[in-house]
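Undergrad: Sequence:
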Amino acid sequence: MTKQKFEIVGGNYTSTADIPKDDDLFYHCLDCDGIIPSVPNDNVGCDCGNVFIDKDYWRLVVADLSKMEVVKVSV
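When we follow my numbering, the leftmost residue of the sequence shown carries the number 1, and every step to the right adds one.
None of these hints come from the bench; they were simulated from the model. Just so you know, even glycine gets a beta-carbon here, dropped at the ideal spot from N, CA and C. Among the hints, a few may not be true.
Here are the in silico distance ranges between beta carbons for each label pair [claimed, not checked]:
id, residue 1, residue 2, range
1, P20, V75, 14 to 22 Å
2, A63, P37, 14 to 22 Å
3, A63, K21, 15 to 23 Å
4, K5, D56, 25 to 33 Å
5, K3, D56, 25 to 33 Å
6, V75, G49, 27 to 35 Å
7, G10, V75, 13 to 21 Å
8, D56, E7, 27 to 35 Å
9, V75, S15, 26 to 34 Å
10, K21, S66, 17 to 25 Å
In silico BS3-like pairs for lysine-lysine, Cα to Cα no more than 25 Å straight-line [unchecked claim]:
id, residue 1, residue 2
11, K21, K72
12, K55, K72
13, K67, K55
14, K5, K67
15, K21, K5
16, K67, K3
17, K55, K21
18, K21, K67
All chains, full assembly: derive it from the sequences and hints.
TA: What follows is the structure in structure tokens.
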């Protein structure tokens with residue numbers, strides 16, 4: 001199985017309100033290297049807990065914004 005390749009869409013955000021979300025965007029935690037969808041079906045978070053999405057309230061929680069980036073699958 002080949003590992004998916006991602007390209008960086010954005011980073012260095014100062015507020016979670018500025019972070020984009022879309023069906024083809026993912027959040028990459030630079031601490032644990034976890035990748036989660038920006039529009040999940042359920043509550044989801046990376047392994048270390050730096051990036052978490054509370055689907056019930058459509059809330060993105062990022063403990064350290066400097067350690068996350070927005071990515072999409074490279075074609």
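Undergrad: Now tell me if each hint is right for this structure.
TA: Hint-by-hint comparison with the structure:
{"no.": "1", "hint": "P20 x V75: 14 to 22 Å", "in the structure": "19 Å, holds"}
{"no.": "2", "hint": "A63 x P37: 14 to 22 Å", "in the structure": "19 Å, holds"}
{"no.": "3", "hint": "A63 x K21: 15 to 23 Å", "in the structure": "18 Å, holds"}
{"no.": "4", "hint": "K5 x D56: 25 to 33 Å", "in the structure": "32 Å, holds"}
{"no.": "5", "hint": "K3 x D56: 25 to 33 Å", "in the structure": "31 Å, holds"}
{"no.": "6", "hint": "V75 x G49: 27 to 35 Å", "in the structure": "31 Å, holds"}
{"no.": "7", "hint": "G10 x V75: 13 to 21 Å", "in the structure": "18 Å, holds"}
{"no.": "8", "hint": "D56 x E7: 27 to 35 Å", "in the structure": "30 Å, holds"}
{"no.": "9", "hint": "V75 x S15: 26 to 34 Å", "in the structure": "30 Å, holds"}
{"no.": "10", "hint": "K21 x S66: 17 to 25 Å", "in the structure": "19 Å, holds"}
{"no.": "11", "hint": "K21 x K72", "in the structure": "11 Å, holds"}
{"no.": "12", "hint": "K55 x K72", "in the structure": "20 Å, holds"}
{"no.": "13", "hint": "K67 x K55", "in the structure": "21 Å, holds"}
{"no.": "14", "hint": "K5 x K67", "in the structure": "19 Å, holds"}
{"no.": "15", "hint": "K21 x K5", "in the structure": "19 Å, holds"}
{"no.": "16", "hint": "K67 x K3", "in the structure": "22 Å, holds"}
{"no.": "17", "hint": "K55 x K21", "in the structure": "13 Å, holds"}
{"no.": "18", "hint": "K21 x K67", "in the structure": "17 Å, holds"}
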